[in-house]
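Number of protein chains: 2
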Amino acid sequence: MFRTLQNRLVSAKPVFLAAQRGYAVKSVPLTAETYSTKVSRNPNFKKLDEQDLQHFSSILQDPHGLITGEDDLLFYNEDWMRKYRGQSQLVLKPKSTEQVSSILKYCNDQKLAVVPQGGNTGLVGGSNPVFDEIIISLAGLNKIRSFNEVSGILKCDAGLILENADNYLAEHGYIFPLDLGAKGSCHVGGNVATNAGGLRLLKYGSLHGSVLGLEAVLPDGTIYNSMESLRKDNTGYDLKQLFIGSEGSLGIITGVSILCPSRPQVFNVALLGVSSYEAVQKVFVGARKELSEILSAFEFMDGKSQLLTGRHLKIDHPIESAEYPFYILIETSGSNKEHDDEKLETFLANTMEEGLVDDGIIAQDETQLKNLWAWRESIPEASTIGGGVYKYDVSLPLKDLYGLVEAVNEKLVEADMVGFDDESKPVVEAIGYGHVGDGNLHLNVAVREYSKTIEQVLEPFVYEWIQSKKGSISAEHGLGFQKKNYIGYTKNDVEIKLMKDLKKHYDPNGIMNPYKYI
Amino acid sequence: MFRTLQNRLVSAKPVFLAAQRGYAVKSVPLTAETYSTKVSRNPNFKKLDEQDLQHFSSILQDPHGLITGEDDLLFYNEDWMRKYRGQSQLVLKPKSTEQVSSILKYCNDQKLAVVPQGGNTGLVGGSNPVFDEIIISLAGLNKIRSFNEVSGILKCDAGLILENADNYLAEHGYIFPLDLGAKGSCHVGGNVATNAGGLRLLKYGSLHGSVLGLEAVLPDGTIYNSMESLRKDNTGYDLKQLFIGSEGSLGIITGVSILCPSRPQVFNVALLGVSSYEAVQKVFVGARKELSEILSAFEFMDGKSQLLTGRHLKIDHPIESAEYPFYILIETSGSNKEHDDEKLETFLANTMEEGLVDDGIIAQDETQLKNLWAWRESIPEASTIGGGVYKYDVSLPLKDLYGLVEAVNEKLVEADMVGFDDESKPVVEAIGYGHVGDGNLHLNVAVREYSKTIEQVLEPFVYEWIQSKKGSISAEHGLGFQKKNYIGYTKNDVEIKLMKDLKKHYDPNGIMNPYKYI
Chain A
1 MFRTLQNRLV
11 SAKPVFLAAQ
21 RGYAVKSVPL
31 TAETYSTKVS
41 RNPNFKKLDE
51 QDLQHFSSIL
61 QDPHGLITGE
71 DDLLFYNEDW
81 MRKYRGQSQL
91 VLKPKSTEQV
101 SSILKYCNDQ
111 KLAVVPQGGN
121 TGLVGGSNPV
131 FDEIIISLAG
141 LNKIRSFNEV
151 SGILKCDAGL
161 ILENADNYLA
171 EHGYIFPLDL
181 GAKGSCHVGG
191 NVATNAGGLR
201 LLKYGSLHGS
211 VLGLEAVLPD
221 GTIYNSMESL
231 RKDNTGYDLK
241 QLFIGSEGSL
251 GIITGVSILC
261 PSRPQVFNVA
271 LLGVSSYEAV
281 QKVFVGARKE
291 LSEILSAFEF
301 MDGKSQLLTG
311 RHLKIDHPIE
321 SAEYPFYILI
331 ETSGSNKEHD
341 DEKLETFLAN
351 TMEEGLVDDG
361 IIAQDETQLK
371 NLWAWRESIP
381 EASTIGGGVY
391 KYDVSLPLKD
401 LYGLVEAVNE
411 KLVEADMVGF
421 DDESKPVVEA
431 IGYGHVGDGN
441 LHLNVAVREY
451 SKTIEQVLEP
461 FVYEWIQSKK
471 GSISAEHGLG
481 FQKKNYIGYT
491 KNDVEIKLMK
501 DLKKHYDPNG
511 IMNPYKYI
Chain B
1 MFRTLQNRLV
11 SAKPVFLAAQ
21 RGYAVKSVPL
31 TAETYSTKVS
41 RNPNFKKLDE
51 QDLQHFSSIL
61 QDPHGLITGE
71 DDLLFYNEDW
81 MRKYRGQSQL
91 VLKPKSTEQV
101 SSILKYCNDQ
111 KLAVVPQGGN
121 TGLVGGSNPV
131 FDEIIISLAG
141 LNKIRSFNEV
151 SGILKCDAGL
161 ILENADNYLA
171 EHGYIFPLDL
181 GAKGSCHVGG
191 NVATNAGGLR
201 LLKYGSLHGS
211 VLGLEAVLPD
221 GTIYNSMESL
231 RKDNTGYDLK
241 QLFIGSEGSL
251 GIITGVSILC
261 PSRPQVFNVA
271 LLGVSSYEAV
281 QKVFVGARKE
291 LSEILSAFEF
301 MDGKSQLLTG
311 RHLKIDHPIE
321 SAEYPFYILI
331 ETSGSNKEHD
341 DEKLETFLAN
351 TMEEGLVDDG
361 IIAQDETQLK
371 NLWAWRESIP
381 EASTIGGGVY
391 KYDVSLPLKD
401 LYGLVEAVNE
411 KLVEADMVGF
421 DDESKPVVEA
431 IGYGHVGDGN
441 LHLNVAVREY
451 SKTIEQVLEP
461 FVYEWIQSKK
471 GSISAEHGLG
481 FQKKNYIGYT
491 KNDVEIKLMK
501 DLKKHYDPNG
511 IMNPYKYI
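So the protein sequences, as listed, match chains A and B. Here UniProt numbering is used: the first residue of the first sequence is 1, the next is one more, and so on. Here UniProt numbering is used: the first residue of the second sequence is 1, the next is one more, and so on.
Just to be clear, a hint being listed does not mean it is correct.
Since the list gives no way to pick one copy over another, a pair counts as held whenever it fits inside one copy or between any two copies.
[Stated by the list, open to error] Here are the simulated DSS-like pairs of lysine-lysine, each with C-alpha atoms no more than 30 Å apart in a straight line:
#, residue 1, residue 2
1, K155, K497
2, K47, K484
3, K391, K282
4, K504, K484
5, K155, K289
6, K399, K47
Source of the hints: derived by calculation from the structure; they are not laboratory data.
Please construct the entire structure, taking both the sequences and the accompanying hints into account.
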């Protein structure tokens with residue numbers, strides 16, 4: 001039988017950026033130094049001078065629009081995992097699309113390299129500079145432009161925080177078709193620029209389907225605007241698609257028009273303990289069939305990820321009865337509580353009867369539901385409690401998904417690097433969790449330090465393993481700085497050539513987010 | 001109370017192409033002559049000669065791969081509405097991607113213009129030549145390449161007929177995420193090339209979300225292949241998106257990889273009679289909220305469209321009690337019959353109680369369900385029974401959707417052109433129907449002849465009306481030949497310039513489907 005979740009979990013929503021930012025402790029090494037053999041500054045780019053600063057001042061007309069103080073710059077130069085640090089001397093905070101246009105036009109004319117930055121919650125160093133690129137923060141462009149209650153179309157600035165967008169929609173009976181752990185910090189524009197996937201892609205599909213229009217500024221200052229698009233529009237090439245997932249390499253997204261679904265009236269969340277990865281797969285196949293239209297998330301987590309999360313949150317596991325090698329989080333959402341409860345309970349009873357599920361709990365109220373999600377969403381942060389984390393975000397055929405975690409742990413054990421509780425070893429453990437429903441695994445190698453030695457054990461091994469299974473080396477996190485040189489493991493030569501041609505077509509001077517992507 | 005549908009409808013699935021092809025009766029005027037003031041042959045294109053034919057023979061290695069006989073060519077030169085007729089002297093039927101590549105490379109080198117053609121079911125003359133372009137038919141590339149029962153990913157040749165794809169998927173418990181009236185003839189590749197929308201977009205979203213990978217041949221013969229993509233892949237620009245909806249203007253799609261959802265276990269279809277367009281909107285807003293996750297189609301049809309359909313099918317209307325100005329077809333699909341029935345019945349009872357719905361029927365078995373859909377799908381063909389039809393496929397804000405039909409009828413009455421039963425008038429009536437759920441109206445002006453005079457009353461009036469409401473002049477049919485000159489009513493100058501740049505980037509010689517699109 002399923003036990004009811006006692007209201008034991010404290011509100012444990014991960015607050016990205018805050019916890020990790022104890023700057024005094026130890027400074028993050030400069031990306032340019034850590035990767036000095038891989039990357040060098042492009043001498044074609046101009047170095048920022050006093051005249052440039054004056055010009056930007058005249059564009060922004062606001063003393064708070066330019067950030068130049070070293071301490072203030074740190075927040076923008078570093079990523080939240082404390083893995084990358086750039087050396088930008090200038091952050092610009094435009095407040096209008098026209099200002100973004102004037103800035104880019106000037107940078108393009110002067111060959112000043114730039115990095116667009118949203119909420120700075122990226123996981124591949126994509127939104128941090130490598131050398132002295134100017135950071136263009138979208139934080140000042142954060143308004144809701146309009147919402148249509150009949151069509152469900154939301155139009156907003158790129159810098160709107162995802163959670164703010166969703167809270168606004170909730171008041172109108174709608175939901176943002178994307179949800180992810182960093183929602184309290186990340187920007188809608190950043191989500192689109194990185195084609196974020198997140199927790200409910202299973203139900204709402206990818207942003208390539210739900211984004212209806214964009215406003216974006218090209219490197220030469222041209223403002224591309226397709227914000228008026230309706231749900232269906234077959235008049236010419238769907239240019240906005242190029243910006244979705246382009247990680248700031250073609251231009252800067254300044255506005256987003258997106259189709260939002262009706263907010264489900266009922267949510268259910270269950271957390272299950274299972275004995276094998278095979279059982280995880282079987283439960284998934286069954287859930288997709290039996291829960292079908294109400295299945296909105298299907299997440300899995302391995303046992304070690306749970307131990308780390310418990311230590312991080314300093315609370316017991318929601319399922320106290322025993323430790324299981326795998327856990328599954330299922331969310332359903334629909335319009336009729338009675339129907340949804342019946343579907344979920346019947347399904348869970350069947351899976352237990354078939355011996356696929358060993359134990360589990362169903363959230364009994366909103367707080368319990370939020371706490372179960374918070375538990376799941378705390379894993380990324382919990383992975384860093386040893387000191388750091390190497391993150392791999394991969395797509396693999398379902399049957400091979402967990403094999404990668406096992407292979408990496410074997411490899412690390414061979415190298416005598418792993419000690420879950422042995423502080424003398426550099427690696428805590430490789431853990432696995434993610435969106436089974438999308439074939440998307442997050443492999444987090446929790447470490448006590450970042451080091452070349454660990455990196456050499458992991459790479460290119462991880463990428464070669466993925467390639468051998470015809471997977472993708474980036475399911476949803478993107479390429480950024482981390483994976484720039486590894487795209488060949490997933491894309492073929494023709495694809496890469498066509499991408500490079502396209503980059504040159506739109507950004508002939510290469511000023512947009514250089515040293516990254518392709 | 002809802003009456004049960006008696007099994008009166010004969011199987012009335014529209015068979016495109018067949019009925020309209022009474023060639024002996026009256027020949028379709030040549031597009032080049034009808035539109036002689038708008039278009040002239042590009043003298044840069046080479047004219048086909050004997051050496052070219054020999055070269056193509058050597059590529060295809062099959063005497064049936066080349067069609068040159070005038071009667072045989074007619075099927076490919078004409079569209080099914082009998083509105084456009086090209087003058088191609090050659091149809092090529094490659095059987096492999098490599099053959100397509102060799103053909104295009106040769107054509108590009110020789111500057112021979114080409115038109116890719118799928119099932120030739122298009123509605124804007126996009127797949128028929130205007131002058132002597134070589135037609136490349138994908139009909140010979142029609143195999144299923146693979147299907148993964150766990151992921152639901154189907155990989156197939158572009159020339160696979162949509163209905164064949166869906167029948168195959170049905171055997172495996174899956175459904176193709178697209179359905180439209182022409183499914184018995186249209187090709188999957190053509191659907192993708194035109195970004196077809198169809199009947200269930202409301203539930204399954206657009207092809208931009210569900211297509212995972214493509215194989216396409218660029219004008220210079222380069223084979224672009226992203227068929228290995230999994231559900232999530234953020235490694236670089238999503239190039240395949242450019243081909244979705246590009247109508248053969250950038251290259252030829254030869255393979256499609258698409259994510260298919262589980263086939264719902266229960267379908268319900270209801271047909272309702274309502275008294276006003278306002279009621280249609282209210283029923284829709286209610287359905288989206290109350291039927292929510294099981295609502296898979298919401299179609300509306302006006303009264304006159306029903307009269308034409310009845311005459312065409314030679315049967316009574318499924319709702320016999322009275323004639324209504326508007327009808328709604330609702331489809332639900334889900335995993336639990338009892339739950340779905342309860343949701344639909346409760347919803348319909350409420351709408352009748354509120355006075356929104358006057359009468360209606362629910363299909364009681366599979367045959368009735370199919371017949372109701374067949375009734376809806378027969379409207380396009382029924383629109384042509386007077387002799388021809390001017391078709392407009394538009395996106396509009398929901399509140400303005402039917403206003404366009406009213407405005408057009410007013411305009412035609414002013415010009416003294418309309419007579420539903422008066423054969424002396426050139427126009428039968430402007431009728432409206434379509435996918436309310438997607439804000440997509442089909443305005444069909446049923447006529448007794450195609451004439452410049454009618455066209456001048458309709459255009460640019462229709463396009464200007466749409467522009468004034470910020471709608472799209474093509475929701476799902478595409479631009480093709482019909483709307484080439486009207487894209488400016490929906491897209492702005494920057495968008496059009498960027499599109500033209502992109503066309504030049506990929507097709508510098510302009511051989512791909514010339515005289516159309518942009």
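Verification of the hints:
no.: 1; hint: K155 - K497; in the structure: between (34 Å within a copy, 24 Å between copies)
no.: 2; hint: K47 - K484; in the structure: within (24 Å within a copy, 46 Å between copies)
no.: 3; hint: K391 - K282; in the structure: within (27 Å within a copy, 49 Å between copies)
no.: 4; hint: K504 - K484; in the structure: both (16 Å within a copy, 28 Å between copies)
no.: 5; hint: K155 - K289; in the structure: between (35 Å within a copy, 21 Å between copies)
no.: 6; hint: K399 - K47; in the structure: neither (50 Å within a copy, 54 Å between copies)
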